[in-house]
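S.K.: Residues in the sequence shown are numbered consecutively from 1, following UniProt numbering.
Keep in mind that the hints are not guaranteed to be accurate.
Restraint ranges, calculated between C-beta atoms of paired labels, are given here [stated by the list, open to error]:
#1 A245 - A470: 27 to 35 Å
#2 Q26 - P384: 18 to 26 Å
#3 S440 - D278: 19 to 27 Å
#4 Q281 - K454: 50 to 58 Å
#5 E365 - E333: 53 to 61 Å
#6 P332 - A362: 27 to 35 Å
#7 T178 - G423: 26 to 34 Å
Simulated crosslink set (DSSO-like; lysine-lysine; CA at most 30 Å straight-line) [stated by the list, open to error]:
#8 K501 - K466
#9 K22 - K259
#10 K68 - K120
Calculated from the structure, these hints are not laboratory results.
No residue lacks a Cβ here, since even glycine has one placed at the ideal position from N, Cα and C.
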Amino acid sequence: MEHISTIHRNTIGAALNRSARKYSDQLALTFGERTWSYQSLNDAANRVANGLLAAGLSPGDRLAVYGKNSDAYVIAWLASTKAGLVHVPINFALSSDELRYILEQSGAKGLLSDIALAGKVEEATQGLALTVSGTLHADQQGSQSGSFDVLTCVRSSPSTSEPAVALEGSSLAQLLYTSGTTAAPKAAMMSHQALMAEYMACMVELDIKGGDAMLAALPLYHSAQMHVFLMPALLLGAPVHLLEAPLPDSCLAAIAEQKIVSFFAPPTVWISLLRHADFDQFDLTTLKKAYYGASIMPVPVLEEMQQRFLGVGLYNCYGQSEIAPLATVLRPEEHAERPASAGRPILTVETRIVDLEMNDVAPGEHGEIVHRSPQLMTGYWDKPEMTAESFQGGWFHSGDVGYFDEAGYLYVVDRIKDVINTGGVLVASREVEEALFKHSAISEVAVVGLPDEKWIEAITAVVVLKEGQAVSEDALIHHAKSLIAPYKVPKRVVFAETLPKSTAGKILKRHLRQDLKE
1 MEHISTIHRN TIGAALNRSA RKYSDQLALT FGERTWSYQS LNDAANRVAN
51 GLLAAGLSPG DRLAVYGKNS DAYVIAWLAS TKAGLVHVPI NFALSSDELR
101 YILEQSGAKG LLSDIALAGK VEEATQGLAL TVSGTLHADQ QGSQSGSFDV
151 LTCVRSSPST SEPAVALEGS SLAQLLYTSG TTAAPKAAMM SHQALMAEYM
201 ACMVELDIKG GDAMLAALPL YHSAQMHVFL MPALLLGAPV HLLEAPLPDS
251 CLAAIAEQKI VSFFAPPTVW ISLLRHADFD QFDLTTLKKA YYGASIMPVP
301 VLEEMQQRFL GVGLYNCYGQ SEIAPLATVL RPEEHAERPA SAGRPILTVE
351 TRIVDLEMND VAPGEHGEIV HRSPQLMTGY WDKPEMTAES FQGGWFHSGD
401 VGYFDEAGYL YVVDRIKDVI NTGGVLVASR EVEEALFKHS AISEVAVVGL
451 PDEKWIEAIT AVVVLKEGQA VSEDALIHHA KSLIAPYKVP KRVVFAETLP
501 KSTAGKILKR HLRQDLKE
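Build the full structure now, drawing on both the sequences and the hints.
M.R.: Structure, rendered in structure tokens:
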């Protein structure tokens with residue numbers, strides 16, 4: 001029997017090509033005043049892919065991208081999947097030293113960046129031999145003569161043909177650098193087939209439909225925005241409206257003006273929308289699917305969302321970069337009975353709760369959350385020992401503490417590193433945060449453990465109050481005492497105007513610990 005080649009059939013670039021054939025003239029992407037149909041987006045990706053190869057890059061080379069959200073950013077990503085390049089998204093808030101570390105650790109041969117970041121790029125790339133060093137959209141602030149630019153290539157390159165590159169599903173598509181806590185960031189190696197497996201699962205588990213207008217406002221270097229939402233939408237023919245950043249004004253206006261049906265944001269962004277002074281002035285009636293994740297949603301905020309976003313289905317999305325990143329989902333119809341749950345594993349993920357010997361623990365018992373899945377990373381780039389440690393016993397170790405209830409629903413208790421050892425007793429920071437959040441004056445709260453001679457770690461709460469509200473430290477401590485055991489009550493409450501957050505909206509507890517120690 002003649003062998004039929006499956007080259008290209010399970011790659012991301014090939015999937016986009018199929019979308020272009022099927023949804024040719026339909027709206028695919030908007031960014032500011034620019035709009036892209038599916039055919040024009042696919043053509044643009046092909047032009048840039050061919051341009052990058054012509055500029056000297058080869059399949060397997062790492063292409064770093066350092067910039068804020070833009071249509072050019074999306075095109076650069078899609079082009080890399082078609083050219084067989086390994087896309088390396090970099091947080092645009094990183095310093096020049098942090099940027100240089102990633103460029104060196106990944107062995108990047110190319111770098112595309114925002115022209116506004118040119119100063120940091122110049123510092124970071126001194127002495128590095130990059131084959132391609134260019135910009136994403138230099139045309140907006142003056143082109144740089146002789147350098148590669150994504151949008152310039154889209155306008156000037158005549159070749160819209162698919163690059164003549166042989167790729168397989170197992171080919172590496174992306175290096176996703178995870179946040180460093182006490183060590184330098186490490187890169188999760190994601191293959192085309194791992195990401196494609198997740199895209200299919202997201203379509204099913206999150207009810208993503210081709211007719212739903214989607215708002216994409218979280219940074220595209222963040223795996224949730226790129227791989228859980230934007231890419232599944234583009235493979236289904238949905239229109240995606242891209243914002244540079246998740247500013248409350250911009251998000252609310254976009255939902256109203258673009259008749260947005262689905263939107264993903266972390267709890268911090270949803271809170272900022274709820275607290276917006278003109279929230280009730282926006283017509284948000286088209287919004288039907290509200291996704292949240294990236295950090296744990298306080299139940300009081302969840303209840304407020306249900307009251308103020310009437311008729312909206314809520315989806316809790318839990319996971320991490322190494323699993324592409326979606327692992328479990330709590331669907332709208334499951335929220336009433338289990339609002340604090342992270343849901344159940346999606347169809348491509350198998351999840352267990354285990355003790356230190358990798359034995360399953362009983363329902364209700366705490367243990368580490370571990371996963372098996374075709375959408376898992378193949379390992380950490382150039383870190384075999386760390387890879388082996390993360391896959392002990394043949395399962396990926398998440399670093400999260402959780403438990404299953406009798407019906408198989410997952411509850412995430414805390415990050416292992418965020419559990420506080422107070423007087424020899426372990427306390428989940430989330431439990432203390434939930435108690436404090438029930439006070440009507442609190443807008444945001446983060447609880448950390450600080451070194452203490454008596455308690456080992458002293459439970460410390462950092463609180464942001466709602467506008468116009470006032471409450472004392474003693475009153476909040478008294479409030480906590482009425483809801484949780486005495487040993488869980490904060491020893492100290494610190495008031496702040498804001499909490500430190502990443503550009504993806506995650507509260508940075510490591511920064512809080514450092515600031516409070518000083």
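S.K.: Would you pick out the hints that fail for this structure and give their numbers low to high?
M.R.: 2, 5
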